[in-house]
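Read off the chains here:
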Amino acid sequence: MPQNRNILTTFRIRFRTDRENLPCRIRTTEILVDVIHSGGEMVAVATKTDYAIEARGVSKRFGEGESAVNALRGVTVGFERGAFTAIMGASGSGKSTLMQCAAGLDAVTDGDVVFDGMSLTGLSDTDVTKLRRDHMGFVFQSFNLLPAFTARQNIELPLRIAGKRLDKEWFGLLVRTLGIEDRLDHRPSEMSGGQQQRVAIARALINRPSVVFCDEPTGALDTRSGHQVLEFLRYSVDELDSTIVMVTHDPVAASYADRVIYLADGRIAGEDESPTTDSVLARIRTLGGQ
Amino acid sequence: MVGSVLTQMRATWKRTLAILIAVVIGVAFVTLSFLAGHLLNAQLAGEVGNQVRGADIIVTSDDGLTPDDADLVRSMPSVAGAEPMIVSGGEFQHGARRSYLSLGRMPEQQALRDGMQLREGRLPEATGEIAISDSVRDMSAVRVGDVISWKEYGQESEDGFEFTVVGVFEGGPGIALNTYDGVVLPQDFEVATNGSITPAVLVTLDSGSDAREVRANLADALGDTYVVETFHEFVDRAVEYYTGGALTVQVVIGMFALIAMFAAGIVISNTFQITIAQRIRELAIMRCIGATGPHVRRMVLVEAGILGVLASVIGTVAGFALAILVDSVFIGGDDRGSAVRVDVAAIILPIIVGSLVTIGAALKPATMATRVHPLQAIRTLDAPVEDERASRLRKFGSIGLLLLGGGLLAAGVVIARGASPDLSLPLLIGVLGGIISFLGLLIGARLVVPAAISLVGRVARAVSGIPGEIATVNLQRNPGRTSSTSAALLMGVTFVTMCLVGVATVKSTFVEYFDERSAIDLDLRLRPEEGDGESAASLGDRVADVGGVDSVAPITAASVTAVSPDGSLLDIPVVGVDPSDARSVSRAERLTRLSDDVLIIGEFESMVHGVEDGWRITLQGDAGEREVTVMVANVLGDQGVVSESTLRQVIGDDAQGGIWIRLEDGAAVGDVTERIEAAVPADVAFDIGGSAHDREQSLRTMDQILLVAVGLLGAAVLIAVVGVGNTLTLSVLERSRESGMLRAMGMTARQMRTSLAVEGVLLAVAGALVGAVAGIIYGWAGAITLFGNTFPVEPALPIGQLMMVGVTALAAGLLASVVPARNALRVSPIEALASAE
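Protein chains in written order, with the numbering used here: chain Z, 1 to 290; chain S, 1001 to 1837.
These are computed hints drawn from the structure, not numbers from a lab. Even glycine gets a Cβ: it sits at the ideal position worked out from N, Cα and C. Among the hints, a few may not be true.
Here chain S is said to cover these stretches of chain Z; the calculated rule only asks that three of the stretch's residues, wherever they fall, bring their Cβ under 8 Å from a Cβ of chain S [stated by the list, open to error]:
#1 99 to 109
#2 186 to 197
#3 233 to 239
#4 242 to 256
Covered by chain Z, according to a simulated footprint, are these stretches of chain S (three or more residues, beta-carbon under 8 Å) [claimed, not checked]:
#5 1456 to 1469
#6 1744 to 1756
#7 1824 to 1831
All chains should be built: construct the whole structure from the sequences, respecting the hints.
Here's what the structure looks like:
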């Protein structure tokens, strides 16, 4: 049946998005488009986004037998390069597990995590560690700065662990933007929570990672400090070309993202592009009602 | 409550295992320290007892004994046998060589024969057979199977009695008794000797009789002129004489035990604190559900009590096992029987001390446990903060104790140096000063150790980069814990260094002292009347290239007449040697000051002849006379020394030739003598003498004492490894969140392990550094205090051995980091980070 022969063509398309509800929105995005022609008619179009990290059918089970808990049940999701993605969900929905698996902190039970086109499955602990060291950054709710080191030493730590040289210009830009220039010689115990978290963000960005994972970055902060931190995360995506994956249960925090992925019972329960606080709240209510 | 504590302990046995190990090692160490006295004595007693082993009771007398005294003893109740030990001085001839050999009468009683330590062959069984001592074998070419002839001194007859050598036995050092270098059967002894002496009567008892009781009866019956002792009493007295008094040995043993328990106490306390910290949540939950502070405290103390007793029993058994091992491997090695005596003190005391120290060490952690707030069940514990005021108190207290102790130590040294006749006062002051200043050092460890760590840390950072930096910074976060951890090792290292430096100092001093009195290693004298006219120079040439020979000097021996200033005449045997040759061959510094214008004469001879240092006397002989200056120095026993040309000037050519030989340091005397004999034709007749054998044996004894001391390093290091390991474990636990973050940030498993290894090594090396400095000072001070009034003590520094201590400390630190590193890596980054929430 020659008329049924399918022809597949892939296009690489660059375009600019222009979002209105937030400042500094103009940026370039590159997408790949697969077009399938059949008998002269275009029958299908599929877009392939450039993902920093992809989870492909990832399952994660804790424990064995009767008491086993399935934290993730076949999650497939990609985190776009140069985008700010939020993962939301109730406690126990698997959102933190998804992040940990994506970051190679935990091994998946089933499925695959692909980083820059490379599968993490089967890599040794040392290789995954080096991958994290060179290409990932982390920001946690409880800051996790080393108490014995000054802010400067904490920020430089990832480079020193990797044995890399400090890019002074980048360091200067980060600490200026984060407003922690005058706290650099203080130890964590001498800083406020907001300042500590900003130091932690600088530490996460210092080695220009491909992706920064944030686990409830505003969870331990007051509203004002939390807002500052989120502003900076947004800024780093827009102006510093960062890729951010943030786990949160706060709709306000989620509204700073380009895209929100909702998890429930270890499965993807929905997705929002260009979320607002209200849209997130509305979606959560719907999910809660299911 | 004991029941519930036991249930708890069973449930958490892994946690209590760390404490158990610390206590077991500590108590084993204490037991070993108690037994070390036995071992140390056995070391010396092994040699001292050689003359009389097998006898249950030894009778001696300052007035001398006769063989008939044995008959007197034999008639006493419970006495199985009594016989005189009889010796007689003489010389033996082997081929063309002749040398001194004191002959002994072989004991008749089987127990005494069994007591002789055979090195080779067997004891004489038939007439015409002889067994010789190892020292005769080492200093001559006589071997089993050879025939020698022996002649008593003062015997008129030309020929000696011929004996075939059938065995070699271990000789005695001749400290408590006159010794013999060869034994023959009693019937041979009767024939060969005339003017013998009886140093002792050796008594064996009926089996089952109490030696002490019989000893008391014998002493009563024999009266005051006799000294009646059991074998152990005899050996102890001889050892005491040898070691300069029981006080020294007791002080050393006491310090062993004190240090052992102190180190163990520190480690036990640290370990308990760790287990408390590990179960803070558990304790807090107990508080939540209503347990009172005192209840929690009692629980900790009961646990400590149970552990203490259990571990002390195991430790005591382990200590005994270790002592027996040390004895059989390093000291025994023959059928002498184990030196480890089961005495009640060595069993009961370590158990009591171990249990008390365990409970005592648990007091602080128990109080810590009562301070656990119920809220900590749901919150994490903040790192403790050092109290400002306490730290200032600590600083001043430590400096005060250091000054006071240092002052006392110095006072002890000064008093001892001031030739005080009684050592006990300076020793007491010195030991007190040592203890006080060391206490000051331990308290001040919190000030000194962090400083040492930042010093060593700089090296670590340079070598290992970020892991080293993290390790250094982590160690400085909790100076209290850091210092108390390295205190255990500090203690061990201080002690070992003290022993090493002390023995090295005494040894170098002793060697110098010994060298001044025993200038010549081997002293060969030609017997031209029997030989083929070999000259001293040609003999020297034959011997010079023999392996183990350092240098050779030809000498001339003759008798000269000295005219003292008051006109009296005296005959002195003298040796003539070229002064420059004397310098190369002599070990005595004073012999190197020989010149044509000097006569060196021994102290005893100077007293006998009434000649004093600095006198001008005239030497007369067949060829002429010459005036010389007297120099009194014990370099060559009863012979004087003049220069070769001076001797020629006085006596002409009619003199006996010979050579002096200096051996290479560390050369085996027996082997070298054998090679010399082989290098010289058999028809060249010479006598062989010199102090090489005595010197070798004395140095060996010192080395063996050192070995016992260094053996204790093993225990100290073990305790330190447990201590350092425990602290690291606690640190790992407290820092699990940070470790998780570091892992998330990309710190590899290898880097984590490195960081902990550096932490362990820093802890150990810092403690070792401070301990080494303290130990060197104590070692010097101790050596001067103990021997300062006997010898001019020269402080020595055994660099090589101290390096070994450093390497051991380094290895200990590395070893201690293995388990904590495994724990740290077992916790996944997620768990670590999750525990924060």
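Against the structure, the hints come out as follows:
no.	hint	result
1	99 to 109	holds (count 4)
2	186 to 197	violated (count 0)
3	233 to 239	violated (count 0)
4	242 to 256	violated (count 0)
5	1456 to 1469	holds (count 3)
6	1744 to 1756	holds (count 8)
7	1824 to 1831	holds (count 3)
Hints 2, 3, 4 from the earlier list are contradicted by this structure; the remaining hints agree with it.
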